[in-house]
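Participant: Residue numbers (full-length UniProt numbering), protein chains in the order written: chain A, 1 to 223; chain B, 1 to 223; chain C, 1 to 223; chain D, 1 to 223; chain E, 1 to 223; chain F, 1 to 223; chain G, 1 to 223; chain H, 1 to 223.
Certain hints may be false.
Claimed, not checked - Here are the computed lysine to aspartate or glutamate pairs in the EDC-like style, where the Cα-Cα straight-line distance is at most 20 angstroms: (1) H/K153 with H/E122; (2) A/K185 with A/D149; (3) H/K182 with B/D149; (4) A/K153 with C/D149; (5) A/K185 with B/E54; (6) B/K182 with A/E54; (7) D/K73 with D/E34; (8) G/K182 with H/D218; (9) B/K164 with B/D218; (10) C/K38 with C/D26; (11) B/K182 with H/D149; (12) E/K153 with E/D195; (13) F/K153 with G/D149; (14) G/K185 with H/E222; (15) G/K38 with G/D149; (16) C/K38 with D/E34; (17) B/K182 with A/E222; (18) A/K182 with B/D218; (19) D/K182 with C/D218; (20) D/K182 with C/D149; (21) F/K185 with E/D195; (22) D/K153 with E/D195; (23) B/K38 with B/E54; (24) E/K182 with F/D181; (25) H/K38 with G/E34; (26) C/K185 with A/E54; (27) C/K73 with C/D26; (28) F/K182 with E/E222; (29) B/K73 with B/E117; (30) D/K182 with C/D195; (31) G/K38 with H/E34; (32) C/K182 with A/E34; (33) B/K185 with A/E222; (34) A/K182 with A/D156.
In short, the hints are calculated from the structure, not lab data.
This one's a predicted model, so the numbers in the text were calculated from it and none came from an experiment.
Now for the letters of each chain:
Protein chains: 8
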Amino acid sequence: MKIQNGQRLVFIGDSVTDMGRTRNGDAPSEGLFEPLGKGYPHIVSGLLNAVYPERRVRITNVANGGNNVRDLKARWQRDVIDLAPDWLSILIGFNDVWRQFDSPQFPEQAVPPEEYENTLRELVVSTQPRLSGGLVLMAPYFIEPNSSDAMRKRMDEYGAACAKIAAETGVLFVDLQAVFDKVLKHCYSCYISWDRVHPNVYGSTIIARAFLRAVEFDYNHEL
Amino acid sequence: MKIQNGQRLVFIGDSVTDMGRTRNGDAPSEGLFEPLGKGYPHIVSGLLNAVYPERRVRITNVANGGNNVRDLKARWQRDVIDLAPDWLSILIGFNDVWRQFDSPQFPEQAVPPEEYENTLRELVVSTQPRLSGGLVLMAPYFIEPNSSDAMRKRMDEYGAACAKIAAETGVLFVDLQAVFDKVLKHCYSCYISWDRVHPNVYGSTIIARAFLRAVEFDYNHEL
Amino acid sequence: MKIQNGQRLVFIGDSVTDMGRTRNGDAPSEGLFEPLGKGYPHIVSGLLNAVYPERRVRITNVANGGNNVRDLKARWQRDVIDLAPDWLSILIGFNDVWRQFDSPQFPEQAVPPEEYENTLRELVVSTQPRLSGGLVLMAPYFIEPNSSDAMRKRMDEYGAACAKIAAETGVLFVDLQAVFDKVLKHCYSCYISWDRVHPNVYGSTIIARAFLRAVEFDYNHEL
Amino acid sequence: MKIQNGQRLVFIGDSVTDMGRTRNGDAPSEGLFEPLGKGYPHIVSGLLNAVYPERRVRITNVANGGNNVRDLKARWQRDVIDLAPDWLSILIGFNDVWRQFDSPQFPEQAVPPEEYENTLRELVVSTQPRLSGGLVLMAPYFIEPNSSDAMRKRMDEYGAACAKIAAETGVLFVDLQAVFDKVLKHCYSCYISWDRVHPNVYGSTIIARAFLRAVEFDYNHEL
Amino acid sequence: MKIQNGQRLVFIGDSVTDMGRTRNGDAPSEGLFEPLGKGYPHIVSGLLNAVYPERRVRITNVANGGNNVRDLKARWQRDVIDLAPDWLSILIGFNDVWRQFDSPQFPEQAVPPEEYENTLRELVVSTQPRLSGGLVLMAPYFIEPNSSDAMRKRMDEYGAACAKIAAETGVLFVDLQAVFDKVLKHCYSCYISWDRVHPNVYGSTIIARAFLRAVEFDYNHEL
Amino acid sequence: MKIQNGQRLVFIGDSVTDMGRTRNGDAPSEGLFEPLGKGYPHIVSGLLNAVYPERRVRITNVANGGNNVRDLKARWQRDVIDLAPDWLSILIGFNDVWRQFDSPQFPEQAVPPEEYENTLRELVVSTQPRLSGGLVLMAPYFIEPNSSDAMRKRMDEYGAACAKIAAETGVLFVDLQAVFDKVLKHCYSCYISWDRVHPNVYGSTIIARAFLRAVEFDYNHEL
Amino acid sequence: MKIQNGQRLVFIGDSVTDMGRTRNGDAPSEGLFEPLGKGYPHIVSGLLNAVYPERRVRITNVANGGNNVRDLKARWQRDVIDLAPDWLSILIGFNDVWRQFDSPQFPEQAVPPEEYENTLRELVVSTQPRLSGGLVLMAPYFIEPNSSDAMRKRMDEYGAACAKIAAETGVLFVDLQAVFDKVLKHCYSCYISWDRVHPNVYGSTIIARAFLRAVEFDYNHEL
Amino acid sequence: MKIQNGQRLVFIGDSVTDMGRTRNGDAPSEGLFEPLGKGYPHIVSGLLNAVYPERRVRITNVANGGNNVRDLKARWQRDVIDLAPDWLSILIGFNDVWRQFDSPQFPEQAVPPEEYENTLRELVVSTQPRLSGGLVLMAPYFIEPNSSDAMRKRMDEYGAACAKIAAETGVLFVDLQAVFDKVLKHCYSCYISWDRVHPNVYGSTIIARAFLRAVEFDYNHEL
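This is chain A alone, in the form it adopts within the complex (with noise of 0.2 angstroms):
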């Protein structure tokens, strides 16, 4: 498991992310009584305590519901940065893309593909020195199997920009879409999610177990 003894990792993205992590002030979600929200970075501290209890990591989440890739820079310096993370996981775009299907009287609630790229692309290429475990970077996802969907081919350009730049950096890189789409060959959508874009436990846990293959967690792993 890549993820080494007392690193710390740094959950950050908008409302899949954040799941109502507890929340004082500004303060970044991590320590004693389950702070982390329902989501994955709960169901990852999970299962990395159950399984690695003797790792001691760290988990911090600091994803702001409603948040899109403008917003993470705003607030990178303050909410990444300064917290010196080892290990970072950055799961962005639902906002930049769907702000266009739902409220397109409000053009500048979303973020085009171009700025979500090169934004995006900043704030990696900027941080991955910083980092001594590395980055793992999420591709937003749209559950929905019909590719040709306006949303989901829309959300197919935000997800390739990801995987261009995981490729272009070396970054771990988690294709969410195709995890998804394979689950999809098997129940219908609101088997997992109600909006096709907030999982349940279910697509928690999906999300999850992806992103711990990345980390080569080992479910095996004996004490």
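Once you've looked at the hints, dock chains B, C, D, E, F, G and H against the given chain A.
Facilitator: Using the frame of chain A, we list chains B, C, D, E, F, G and H on its own:
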């Protein structure tokens, strides 16, 4: 994986299993909107559906906080038999023992070992033939490594009764005390439980993983 | 406008019709203080009374969130017949279909097509003669333009059953799917519904307008 | 329909316009999750988007309960000019008049007719040139048919000031008093308003329809 | 002052009398902790006990918001007769009339004049002999000075019925409409009531004073 | 009646005067929606407006629960002078005395007699010339008939200071202790006050009546 | 110390004993999570268990706020006899007396001295033989040093009845009035009670200590 | 008893001392309405005032849940020195130790032994000369009888540091571990604490009694 397509899995127990399941009168907790609480049944549902979505396992939580084995017997017909489960998981005994230590003035609130064993055996023996899948009997535990601690010793007696019943009847047995004993070599008890009984998400994931091993869940199963 | 002075119009259905109507035990929602919820019955009441205040139409909402056609049948005597409506509007079928996709483990929660059609026909046929005004049967819809989508296809079967019953009985039919299909040429589904079923105020106004066309409401009526 | 694709429409006023709009500090109410309150701006948004979804009109509610024209002036720069609307709708004057009758001990809480007219004219004249669409000036009303009633007479003076300003400037004028006077031939005031000022959903729909006529909205527009 | 030492005075009526009295199931409101609401019964209790503390009058409020005379009749035995009052004060009729104007679609919610008069007479006549003190019949009112207003005219009919019954039976009569008409020469209706029926503390004190005059209360009584 | 048309009457004091007045930051309580609390200022407002509605007296409550005379001085400019009252009513001293008995360990929380008298005199003397109407000084009381009771004796000293200041300055004086002493001949203290300081509605009406006598209010005034 | 290992001690009374005990329907308050309220039973439980943890005394609180001796009699079988206590502590009489002073209009709410004495004697005499430990009868008190005060005099009569019953039957008697009289030489009543009946934590500790003296509790007992 | 008339006693510490004290911003908790929480400071206040009411000891609680010795130092000037106590009681160290076991991933949240000892010594040494009464240093404890338990061993180191500082400076020392060790011979830890740190009322009374012994409180003191 032993649990087959469309089978029903019922969890019964006390607060360790209940963990805030959504209540609607006396109805069992199951179905939409994640009603299983935040304990190991919820985590099991996440992993089963993330890894085996095609199996469509139906999971029901009927645990009640504060219950001992005597309470289970009183509601067994309504809360277990009438639900016609294929699989049944039982985790009981904490309150049977705990009241002997925190409330010695109230002896009627505890269950002595013989009554515990006999009642539990009766429930297992009478139910086993009705289960098309199987029965998983999980032993109660005390997250305390000192085997000469008074409450740990007492809990070990109750765990031994479970093991004995499992051996007699051939139901699947999960020795949670042994599982936690291994973990306690790597951390202090409060790392996984504030009071040495109620687990945090690390501890609940440990129980979920032990349960899933018993039913031969394969984490690396591919769709 | 077909609804005459002092006639009573009852809306029955599920959460799309209920939309948070004010509840007082099992009593129907009607009268002072805008108890009809915030969905299309409320919008219909606003338009009917703004444009035809002299008609004094009595509007009652008896929809219950989560209902399927089987639930309607069980409470039909108390919630429809006993109210002696002049006009009845039915919009049912979402939950009959949805549970097949979000809860396949719980088959008893869904209603198969044949039962849906037969039950609905029975309700329509037995009630039609009692109505001095008329019956408006609105077809359930799925706000998804891809006609080969699995849930859309399934919903289309249920809509077709409605159309068939309307054709057989001569009740007024509202093809909501066709109405939404037109709108979907101009916007993506999340513009009017987060989950493709529950409409926002845009979607509820679309349904209200479709209903009002069926009863030949004239928006430009002058007092 | 006069409002063109992508134009922004801002509603300003008092509690009749506010009607519980969702507040977030001093930010204007607009966008996702139906933040416009339950009054006529909300109903206008429903009808505009149900009938003209392709126009994608951006609707913003900046009304504040309790405001008079003096309050509007004080926040005009921030809440109107800075938003750069294409269309502006103003409905103000209720509190200017009402305080003269319910709180005569507090003369500073009311606005006398001359100040009302001058302030309102100043706001209209200075804003009109900035609007690429247009300005709709709605006159305050009192839902009381007795034209010799003291408060009705007073309100008529304020309504006349609006009409005069509209005539001078050529902005669109909506004579809500005339609209309600017609309705009052068919029902008593409490049918549409408990206190003759705040409308129920019937009254709010009446205002919405009057507004929409002014902008030549066609209810029967086909997609 | 007509009310003698230790006599019991019961107030019955609707929301004008109820005014938020403290409820405990169906029990009458009386005794410690000021349970009489904030309306005229509360003010009467304050004045009676401030000026005549030696009389120890027992005051009970059994009014229910929303009641009409038909509702009073249905609960008369339990809420009046069974309490064995010495003095009874009745103020009823607002809802009997109001529903004719705000809810004409719901004719069963109003009470027509003949039924009002007959029911009220029956209650007065059958109860009068049981009262060792006396009965105060207060006429309903509408705080509107225009005597040709439709609702005022209607309310006047109901007030006239009260006056007629009082004349026939000799019970004490309080002409609240006349009292308010005098006040309305000095202020507009909203100075004392937002909706012309429910009084603010000024209006409730006006009613209290009118009631106290009927029982010959002497404000200047000295201890 | 001494209070003339349109004059402003300000009440200042502690919890006996505050009695739950509606607060909005530091703003004085006055105007719509009965913000004066439920104590004697509220009752005075009811009687003044019921009997003299043509006078339109403006009533403001600026009392703060827990205040002593030292607290009044600290906020006198903002809460009295800046409001420019015509009439001022002061009732202070309960907390100055009470803390000597319930919190003798906290001497800084009480105000000794000399400081009480000097501070109060300073406030009266400096304010009297600014009042176009007049100043009503009400003495604090203790609803305890035993004049040798320690706290009663102490309170009598504070009341005597008030009387002395009133005699020196000629302001209107209300001897509330004398008023309550008369009442206590007819009932026990808990009939009007649970703790012998905070009055129930009987006691608050007693204070209101004493205040109104001082300003020559005529309860039998006819419109 | 008279209370032996494992004995059950039941406290019955009114609000002075209840003090917010945790309620679960009609069940007695006892066991985990400190359900005894915040009054003297709670303090007794703290001292008994801190000093004599080896005795494991079972403490139950069945007091109900507002009760008088008549209320105790009505529930005696269920709330005392059925619990089979070894020790019983009774403190009743406050409401029996208080209602005579705060609610003289409601004579049925008070209990006259003869009925008080007879009822209490009946309860003591019939219960004493069932108690393997003993019965502690605590006299009601009034924290008022003036023995000619009307309520104090009345309370003294009730206290004398307790003393008389104790003398007749030989049960343990606690003269709380005498205890408080001593304290009142050193502080004013409001130092220990706001209303001279309900004690603060100082007063509750005084009662607890008086109770513990009666059962010969030794504070300096060593383990 | 060492605490003299009118002296001020300040308790500082963490959640064991805080126990829900009433907060008002950063102000210390003291005075009316029992603001000291429900822990040992509250029980001490009850016993001191029940037994020595004539001493009028002023008790203040400034403990903050979650604090370690580093946190105390940061607020020492404001929360201790500025209050000018005569007596000071310190109980700190639980969080300094606990975080080493429940949050080993967050080393900055714990305080190592050397820093603990040095900081505590600095606080004691600098404060002792300012206290006219004295300083009571209570050692942190772990309610676990197994002296080879890892956390017990660690806590013993911190307790030894306290003892050492007390010996050096001559302040009063309370060896709470020794006190609890005696109790644990008679009951299991959960009888007095759910998590072996936070005491229930039994445990808090044990601490209160230990504190009171240090100041030579005489429970049998007579007034």
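Participant: If you check each hint against the structure, which ones fail?
Facilitator: Numbers 1, 7, 9, 15, 20, 21, 23, 24, 26, 30 and 32 - these are the hints that the structure violates, sorted from lowest upward.
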